[in-house]
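Colleague: Here the protein sequences line up with chains B and U, keeping their order. Under my numbering, the residue at position 223 of the first sequence is numbered 223, and the numbers go up by one with no gaps. Under my numbering, the residue at position 13 of the second sequence is numbered 309, and the numbers go up by one with no gaps.
Rather than coming from a laboratory, the hints here were simulated on the basis of the structure. No residue lacks a Cβ here, since even glycine has one placed at the ideal position from N, Cα and C. Fair warning: there could be bad hints in the mix.
Derived DEER-like restraints, expressed as beta-carbon distance ranges [as the list claims (entries may be wrong)]:
{"#": "1", "chain 1": "B", "residue 1": "ALA255", "chain 2": "U", "residue 2": "ARG427", "range": "29 to 35 Å"}
{"#": "2", "chain 1": "B", "residue 1": "ASP244", "chain 2": "U", "residue 2": "ALA502", "range": "19 to 25 Å"}
{"#": "3", "chain 1": "U", "residue 1": "ALA432", "chain 2": "B", "residue 2": "ASP244", "range": "40 to 46 Å"}
{"#": "4", "chain 1": "U", "residue 1": "ASP540", "chain 2": "B", "residue 2": "ARG271", "range": "15 to 21 Å"}
{"#": "5", "chain 1": "U", "residue 1": "ALA340", "chain 2": "B", "residue 2": "LEU247", "range": "48 to 54 Å"}
{"#": "6", "chain 1": "B", "residue 1": "ALA265", "chain 2": "U", "residue 2": "LEU343", "range": "39 to 45 Å"}
{"#": "7", "chain 1": "U", "residue 1": "GLU453", "chain 2": "B", "residue 2": "GLY41", "range": "57 to 63 Å"}
{"#": "8", "chain 1": "B", "residue 1": "GLY269", "chain 2": "U", "residue 2": "GLU586", "range": "30 to 36 Å"}
{"#": "9", "chain 1": "U", "residue 1": "ALA502", "chain 2": "B", "residue 2": "GLY114", "range": "31 to 37 Å"}
Sample of chain U residues lacking proximity to chain B, with all beta carbon distances greater than 12 Å (derived) [as the list claims (entries may be wrong)]:
{"#": "10", "residue": "LYS300"}
{"#": "11", "residue": "ASP335"}
{"#": "12", "residue": "ASP354"}
{"#": "13", "residue": "ASP362"}
{"#": "14", "residue": "ALA405"}
{"#": "15", "residue": "ALA406"}
{"#": "16", "residue": "PRO412"}
{"#": "17", "residue": "ARG460"}
{"#": "18", "residue": "SER486"}
{"#": "19", "residue": "PRO489"}
There are 2 protein chains.
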Amino acid sequence: MAEKPCSVAILGLGMIGGSLALALKASGFAGRVLGFDRDPGALAAGLEAGVIDHACEDLDAALAADIAVIAVPNLAAAAVLEELLARTDHGRSGPVLTDVASVKGNLAAAAARGGPAPRFVPGHPIAGSERSGVAAANGELFHRHRVILTPLPEQDEEALALVRRLWESAGAEVVCMAVAEHDAVLAATSHLPHVLAYCLVDDLAASPRREDLFRFAAGGFRDFTRIASSDPVMWRDVALANRDALLEAVDEFSARLAALREAIASGDGARLEATFTAAKAARDAFAEREARRQQN
Amino acid sequence: MAEKPCSVAILGLGMIGGSLALALKASGFAGRVLGFDRDPGALAAGLEAGVIDHACEDLDAALAADIAVIAVPNLAAAAVLEELLARTDHGRSGPVLTDVASVKGNLAAAAARGGPAPRFVPGHPIAGSERSGVAAANGELFHRHRVILTPLPEQDEEALALVRRLWESAGAEVVCMAVAEHDAVLAATSHLPHVLAYCLVDDLAASPRREDLFRFAAGGFRDFTRIASSDPVMWRDVALANRDALLEAVDEFSARLAALREAIASGDGARLEATFTAAKAARDAFAEREARRQQN
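Excised from the complex, chain B in its bound form:
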């Protein structure tokens, strides 16, 4: 039986929020899509492109929706969440609340201030792009990608079911995970690689050889550093919001890099070959599984 379309408010009309709006309208999950953004230009562009149906003048106007999706960087998301909870009897009235931020710990902590917030469902779509802004919105972005929900203690089951249905409507596969587990997994597989890519490009850009370095960099460098073209404010917030898990990931990586450095310095070819071979095997297995998943 088809469900009745929902009204959805997108709070923060960037690439992720815009992509979700497009997907939800295309699937019929969303009837009316409201948008709110501090930047009037983003709202105007979203209206013009048909990404949203209505531009809200303030946060209060967004409270009329059935679901509100906070789609701003991690630290701003915590502030918006606290504002929404303050205006809705800690989420008991008003829309079901969810978000798309890459770190869940700081949002779970923000929600817990002032008691349980059973109708806030933390979420994180494992999909993205180095592009940003509503002009980069793509209704297929979440198709066959995973979305991790990290339900809170005393989570309202109906709210959880609604947010799950929202993401499934957008074509995603929904998985639930504990907040701390999410933040540790993402620190290792996403936040650390972003820091390493930014660090490498920054390193090269500061070199006296800078011109030649970028002139002779090739396809491997281009792919390795693609994520260094990501939004700096979003990633600043991720690094700050997930500080402890990220530091742990940086330290583990640094220790392993120091060991590889020693193998290079001492000419230990067997050690290098064993490490490279193990890494290639793990990476090949990952790539094959990903390719299969995209086909199915």
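Following the hints, put chain U in place on chain B, whose structure we already have.
Modeller: The following block gives chain U in isolation, referenced to the frame of chain B:
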């Protein structure tokens, strides 16, 4: 005026050697392509696929060619070069010699043992793939890519011109550079990223969370680690052959990563944002220039 086709010997029939053979036959630069490989399976596959015209039984048989291209990993390349020089009066007789290895210092040193080798022209195509083996050969691989030649002291000008023409026939743009400059530039833009990518995948594969890590890794991780699917023996050789420049690059990177770690630990959002913004600007400029170059 069209030049007379050359006979070309490819010593080491892997992805790079096979791709070059295909390109040279397609362009008409090569009349007859000879192949030599220690692996009879690679030679048989190369003959079967029409990548080479004739399989040599030994190195001596390859000396009949006009040009011999050493296309094996860096340390093996040095050994093959020394063998060829020993059989050809240090390169004064026999084919013009060149190679495709990613480090030039160890080959220049090998060539210099026993006096100048004016008809050996060290070369390095800045093109590749994480795939390996003759089955991955692709005649378009070098099209619009750069090839760096690092001429040696007392370089024979005719030999240099012939190797330049070989690569231009394959569709590449040829640039000359000093050996030490080449090795420093490539250490920073290629060898270091490979070490970092191998290191990250090895790090994750050793984690007790391994299953979840690879399960929830996404597109950013896939691109960042693509080069960790590269041939381990080739990259072991690169790391050993370019040890000093690579260690310098690793140390500079590690110092910069330690500074970023401090900014994360101390919650220095301004520092993080400034670093990420500078890196994004440099990486965006690189990507735009690359895109323009591929179009022109």
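Colleague: Compare the structure with each hint and give your call.
Modeller: Each hint, compared with the structure:
Between ALA255(B) and ARG427(U) the Cβ separation comes to about 31 Å, which falls inside the hinted range of 29 to 35 Å. For ASP244(B) and ALA502(U), the Cβ-Cβ distance of about 21 Å falls inside the hinted range of 19 to 25 Å, so the restraint holds. As the Cβ distance of ALA432(U) to ASP244(B) is approximately 43 Å, the hint placing it in 40 to 46 Å holds. For ASP540(U) and ARG271(B), the Cβ-Cβ distance of about 18 Å falls inside the hinted range of 15 to 21 Å, so the restraint holds.
Take ALA340(U) and LEU247(B): their Cβ atoms lie about 53 Å apart, and the range 48 to 54 Å holds. Checked against the given bound of 39 to 45 Å, the beta carbons of ALA265(B) and LEU343(U), roughly 43 Å apart, stay inside it. Separation of GLU453(U) from GLY41(B) is about 60 Å and conforms to the stated range, judged on CB atoms against 57 to 63 Å. GLY269(B) and GLU586(U) have their C-beta atoms about 33 Å apart, which keeps the hinted 30 to 36 Å range intact.
Take ALA502(U) and GLY114(B): their Cβ atoms lie about 41 Å apart, and the range 31 to 37 Å is violated. Under the 12 Å C-beta cut-off, the non-interface status given to LYS300(U) relative to chain B holds; the minimum distance is some 33 Å. A cut-off of 12 Å between C-beta atoms confirms that ASP335(U) is not in contact with chain B; the least separation is 18 Å. Against the 12 Å criterion, ASP354(U) stays outside the reach of chain B, whose nearest CB is about 27 Å from its own CB.
ASP362(U), annotated as away from the interface, keeps every beta carbon of chain B farther than 12 Å; the closest lies near 29 Å. No beta-carbon of chain B comes within 12 Å of the beta-carbon of ALA405(U); the shortest separation is about 15 Å. For ALA406(U), the requirement that its beta carbon stay farther than 12 Å from each beta carbon of chain B is met, with the minimum near 17 Å. In this structure PRO412(U) is separated from chain B by more than 12 Å, as the shortest Cβ-Cβ distance comes to about 27 Å.
Every beta carbon of chain B lies more than 12 Å from that of ARG460(U), the smallest distance being close to 17 Å; the non-interface claim holds. Not every CB of chain B lies more than 12 Å from the CB of SER486(U), the least distance being 6 Å, so the non-interface label is violated. For PRO489(U), the requirement that its beta carbon stay farther than 12 Å from each beta carbon of chain B is not met, with the minimum near 5 Å.
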